[in-house]
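Since the structure of chain A is provided, determine the placement of chain B on it from the hints.
In the order they appear, the protein sequences are chains A and B. End of the first sequence sits at 144 in this note's numbering; the numbers just go up one at a time, nothing left out. End of the second sequence sits at 284 in this note's numbering; the numbers just go up one at a time, nothing left out.
In case anyone wonders, no lab produced these hints; they're calculated from the structure. C-beta: ideal position from N, C-alpha, C; glycine also. Heads up, none of these hints are tricks.
Here are some, though not all, of the chain B residues that point toward chain A, as calculated from beta-carbon distances under 8 Å:
id, residue
1, D24
2, I81
3, E83
4, K121
5, D193
6, G195
7, K196
8, I261
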Amino acid sequence: MSLYYVQKFLFELNRDGRAQAAYMNDRQSALEGFDLTIEEQQALVEPDVGLLFHLGVNGQILMHFGALHQIEWQDYLQRLRDGIAQHGPVREGVYAVTGYEGVDAHAASLGQESHLDSTHLDSTHLDSTHLAGGS
Amino acid sequence: MPLVFAGVCSHAPGITGRAEQADPRAKDDLYAAFDDMRLRLEATRPDALVVVGAEHFANFFMNNMPSFAIGMADYYDGPIEEQSFLGIAKQRVPGNRNLSERLIRQAMHTADVSYAEEWKFDHGIMVPLHFLTPRYDLPIVPVNINCQGPPLTPLHRSWAFGKALREAADSVPERVAIVGTGGISHWPATPDSGKINEPWDRQFLDEWSRCDKQALLSYDDAQAYADAGQGAFEIRTFIAVSAATEGHVGVVHHYEPIPIFSVGCVTATVDLKSAGTVPSVTT
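If we strip away everything but chain A, and leave its shape as in the complex, we get (with noise of 0.2 Å):
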């Protein structure tokens, strides 16, 4: 278990287009470097951002992951919640999850309108292997 190394090639790649350029070339070999466990590996890979999150990266660096994989906002928050399903509960890290009744119920509770774009959404839920262009 190394989230820290795990946090540390998120952080990298977030904010270097070089960075990102290389891991689209070839995800493996960007991993080089850092001191991960085979799993931590294969959930960069892939990527399985549950599984990442499960291990505990947090979501603020995790994010900007789901955004670079093109995962739509709604589809990267349900990845999450199978990943905690999953594998059970975050393993170490600041999070928690407390239970929350979603967006749609929370904003009709406050007489809001809900507009998620449920076709965006079906067309964007990827399949693990895709990857965005460019950085």
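Positioned in the frame of chain A, the structure of chain B alone reads:
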């Protein structure tokens, strides 16, 4: 010279990135509130805007995490996020290295400050600038308080830092404005994203508007996390602005929880001509 403007506002990426998914009335009301805040800022004719933010690992990481950092460059680039995610095109934002250095030198007398000659803005600064300086023509002095990577900056040190910022602004001839941007309650980028504790927010804003130092510094991270999510750690930015304007009351111009934006959206300013700690009315 004394601060010419002070305020606080929200910065969640959904405010610009998921605007079309929000209730149009709620979104329009928030955008109008931001525009009102912009007009109030512009009316004070500032030479520079100090933005006290809670950046999200765009520059600072756990290999060398400063409790406080101030930018010291003539320009900054941002956002690090793609336009398709944030709804804001990449910009080169003006800074003022000379002014930053003078502010930093003064602040260092009473606060342990790191400085940064390069700084990539993330949504934490870009969303407020998108509304408050939409032409990107006002020099920015970015400031960061570690609200993300524990161990976090203690609240009372955030207050002391705010006092140091005030003393620094007072020491320069430029007309300096300050805006703090953060939380309040929210669970951003988690499965609970969208959850907002409105009563908690309103209590905090009431304490902030009264510049109630004792109440503001009584928050405990563990309890705040339980009640208001990890996004509530960002109250440090609001506390710093309170300290920088101690003795003056705040006015909350707008507050509304907007779940698709993942935060209770707020705009507020400090009445720098006021004295005492009279409660203000929140909307």
